[in-house]
Amino acid sequence: MMQRSNPPTHQQSFQQSGKALPMIILALVALAAGAFASQAFRNSSETTTDKQAQQLAAVQETLKTSQILPLDFKQVQDFELLDVNGNAIDQSVFDDKWSIVFFGYTHCPDICPITLQVMKGVLAKIEEQNTAAPQIVFVSVDPVRDTSEIMKSYIAYFDESFVGITGDLKSVHTLTASLGIVTSFTANDTDPNNYLVDHTASLLLIDPQKRVRAKITPPHEADIIAGDFLAIVDAPS
Amino acid sequence: MNIVMRSIIALCFVIPLTVGIAHAELPQINDARLVQPPPGAKVAAAYFTIDNTSTETLVITGVSSNTDMHTEIHLSSVVDDVARMQKQDSVEIPAGASLAFKHGSYHIMLMGISEPIAAGSELLLTLQTSAGELPVVVPVITPDEASTMKKMNHEQMDKK
Numbered sequence: 001m002m003q004r005s006n007p008p009t010h011q012q013s014f015q016q017s018g019k020a021l022p023m024i025i026l027a028l029v030a031l032a033a034g035a036f037a038s039q040a041f042r043n044s045s046e047t048t049t050d051k052q053a054q055q056l057a058a059v060q061e062t063l064k065t066s067q068i069l070p071l072d073f074k075q076v077q078d079f080e081l082l083d084v085n086g087n088a089i090d091q092s093v094f095d096d097k098w099s100i101v102f103f104g105y106t107h108c109p110d111i112c113p114i115t116l117q118v119m120k121g122v123l124a125k126i127e128e129q130n131t132a133a134p135q136i137v138f139v140s141v142d143p144v145r146d147t148s149e150i151m152k153s154y155i156a157y158f159d160e161s162f163v164g165i166t167g168d169l170k171s172v173h174t175l176t177a178s179l180g181i182v183t184s185f186t187a188n189d190t191d192p193n194n195y196l197v198d199h200t201a202s203l204l205l206i207d208p209q210k211r212v213r214a215k216i217t218p219p220h221e222a223d224i225i226a227g228d229f230l231a232i233v234d235a236p237s
Numbered sequence: 001m002n003i004v005m006r007s008i009i010a011l012c013f014v015i016p017l018t019v020g021i022a023h024a025e026l027p028q029i030n031d032a033r034l035v036q037p038p039p040g041a042k043v044a045a046a047y048f049t050i051d052n053t054s055t056e057t058l059v060i061t062g063v064s065s066n067t068d069m070h071t072e073i074h075l076s077s078v079v080d081d082v083a084r085m086q087k088q089d090s091v092e093i094p095a096g097a098s099l100a101f102k103h104g105s106y107h108i109m110l111m112g113i114s115e116p117i118a119a120g121s122e123l124l125l126t127l128q129t130s131a132g133e134l135p136v137v138v139p140v141i142t143p144d145e146a147s148t149m150k151k152m153n154h155e156q157m158d159k160k
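As you go down the protein sequences, you meet chains A and B in turn.
Note that this note's numbering has the first sequence beginning at 1, numbered continuously upward.
Note that this note's numbering has the second sequence beginning at 1, numbered continuously upward.
The hints are simulated quantities; they were obtained by calculation from the structure and are not laboratory data.
Heads up, a few of these hints could be off.
[To be verified] Residues of chain A clear of chain B, computed beta-carbon distances all greater than 12 Å: (1) Ala57; (2) Leu63; (3) Lys152; (4) Phe158; (5) His199; (6) His220.
[As the list claims (entries may be wrong)] Below, simulated DSSO-like cross-link-like pairs (lysine-lysine); rule was C-alpha separation at most 30 Å, straight line: (7) A:Lys74 with A:Lys152; (8) A:Lys125 with B:Lys87; (9) A:Lys170 with A:Lys210; (10) A:Lys51 with A:Lys120; (11) A:Lys64 with A:Lys125; (12) B:Lys150 with B:Lys42; (13) B:Lys42 with A:Lys152; (14) A:Lys97 with A:Lys120; (15) B:Lys87 with A:Lys215; (16) B:Lys42 with B:Lys102; (17) A:Lys210 with A:Lys152; (18) A:Lys152 with A:Lys170; (19) A:Lys51 with B:Lys102; (20) B:Lys150 with A:Lys152; (21) A:Lys51 with A:Lys215; (22) A:Lys170 with A:Lys125; (23) B:Lys102 with A:Lys170; (24) A:Lys64 with B:Lys150; (25) B:Lys150 with A:Lys125; (26) A:Lys125 with A:Lys74; (27) A:Lys120 with A:Lys74; (28) A:Lys97 with B:Lys87; (29) B:Lys42 with B:Lys87; (30) A:Lys170 with B:Lys150; (31) A:Lys125 with A:Lys97; (32) A:Lys170 with B:Lys42; (33) B:Lys42 with A:Lys120; (34) A:Lys51 with A:Lys170; (35) A:Lys97 with A:Lys64; (36) A:Lys120 with A:Lys64; (37) B:Lys87 with B:Lys150; (38) B:Lys102 with A:Lys64; (39) A:Lys210 with A:Lys125; (40) A:Lys64 with A:Lys170.
For every residue, glycine included, the Cβ atom is placed at its ideal position computed from N, Cα and C.
Work the whole structure out from these sequences, hints included.
Here's what the structure looks like:
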């Protein structure tokens with residue numbers, strides 16, 4: 001009784017924690033068993049496991065402008081649109097390779113051309129590291145004005161290897177909406193042909209299994225995007 | 001004293017006076033440029049920096065060009081991850097302040113490009129402002145030149 005009312009000494013706290021130790025060990029063993037069981041269960045259902053989530057969280061710490069996403073976050077849905085030659089293009093364009101996807105439009109003089117210019121820089125930086133460069137895909141959020149022909153000359157100015165996607169407005173919207181990309185049209189009072197299109201600024205990183213693996217938020221700088229890409233490609237999946 | 005002499009003497013007083021006023025009040029426009037738009041593009045953006053060296057707020061109310069393109073003042077922004085462009089009816093620059101028309105911010109939007117705009121050429125913009133009309137000679141540069149320019153500005157900033 002007397003001892004308890006006294007302020008605890010170092011020795012007392014040591015003794016107390018000494019008594020508590022077996023209980024703590026028991027609790028830890030139970031927790032570990034639980035975690036193991038739940039991980040084993042999750043492995044079987046093909047979702048992001050706790051271990052993967054921890055590894056991805058560790059990779060996230062090293063990223064500058066990219067937000068890494070859970071492995072089961074989103075996958076590119078099937079679509080049927082047009083490439084820059086007016087030929088059919090579908091989801092298989094994302095098969096077996098990494099892609100960085102940019103959503104924009106050619107009537108955007110300020111941000112869009114500079115982003116494409118940055119993409120050119122991203123490819124150069126990644127190739128310097130002897131890593132296979134990702135495919136760059138430009139999806140028009142303004143397919144009515146951005147015909148295949150216009151997309152072709154526009155994209156070729158930056159890099160002919162860039163893939164352009166356009167098509168009918170409804171099908172493009174189905175694709176962008178499924179990827180969580182927003183678009184909004186604003187009329188121009190003085191010139192109806194020069195309406196404006198607001199759109200999601202982030203780029204998406206798609207992996208070879210067509211999973212959306214990261215959102216690359218602006219400001220877009222070649223060095224930073226290339227660095228983030230290299231970190232995510234090496235991350236467990 | 002003949003009329004010529006009188007005029008010369010009078011001018012000696014007047015010229016420094018007007019030059020002095022012009023220097024104090026006319027806004028200074030620097031770093032004007034237009035990045036050559038890709039072929040197929042129907043629009044382009046012109047950038048520059050305005051220093052309002054006067055003691056009054058400068059209001060830009062409109063813009064025109066020496067081409068048949070339609071010109072407007074626009075503001076780009078990214079809010080909540082949405083990239084947006086909005087037409088501006090006017091832009092105010094407080095006395096003593098400077099405003100950069102630049103990538104991701106204010107720019108002069110040129111619409112309805114019918115002929116390719118070649119790098120190395122120039123176009124002339126006229127700003128309608130509270131201080132009168134201000135001409136801006138805008139050189140057309142390539143995207144690579146624009147990147148270099150940006151890099152150089154960054155390095156200058158780093159040194160500061």
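Worksheet item: Just checking, A:Leu63 versus chain B, shortest CB gap more than 12 Å?
Response: holds (16 Å)
Item to complete: Compare the distance between the alpha carbons of A:Lys51 and A:Lys215 with 30 Å, and conclude whether the hinted pair is satisfied.
Response: holds (21 Å)
Discussion item. Hint check: B:Lys102 vs A:Lys170, CA-CA at most 30 Å. Holds or violated?
Written reply: violated (34 Å)
Worksheet item: Regarding the pair A:Lys64 and B:Lys150, is the alpha-carbon distance no greater than 30 Å?
Response: holds (20 Å)
Discussion item. With the threshold set at 30 Å, check whether the alpha-carbon distance from A:Lys51 to A:Lys170 stays at or below it.
Written reply: violated (40 Å)
Practice prompt. With a cut-off of 30 Å on the C-alpha distance, tell me whether B:Lys87 and B:Lys150 pass.
Written response: Judged against 30 Å, a Cα distance of about 25 Å means the pair holds.
Worksheet item: Is it true that the CA of B:Lys87 sits at most 30 Å from the CA of A:Lys215?
Response: holds (28 Å)
Worksheet item: Looking at A:His199 again, its CB stays over 12 Å from all of chain B?
Response: violated (6 Å)
Worksheet item: Taking only the CA atoms, is the gap from A:Lys125 to A:Lys74 under or equal to 30 Å?
Response: holds (27 Å)
Discussion item. Please verify whether A:Lys74 and A:Lys152 have alpha carbons no more than 30 Å apart.
Written reply: Distance ~29 Å between A:Lys74 and A:Lys152 Cα, so the pair holds.
Item to complete: Starting from A:Lys51, check that the Cα of B:Lys102 is at most 30 Å away, please.
Response: violated (45 Å)
Worksheet item: Under the criterion that the straight-line Cα-Cα distance not exceed 30 Å, is the pair A:Lys97, A:Lys64 satisfied?
Response: holds (23 Å)
The structure fails hints 3, 4, 5, 6, 8, 10, 19, 22, 23, 28, 30, 34 and 40 (numbered hints given earlier, in ascending order).
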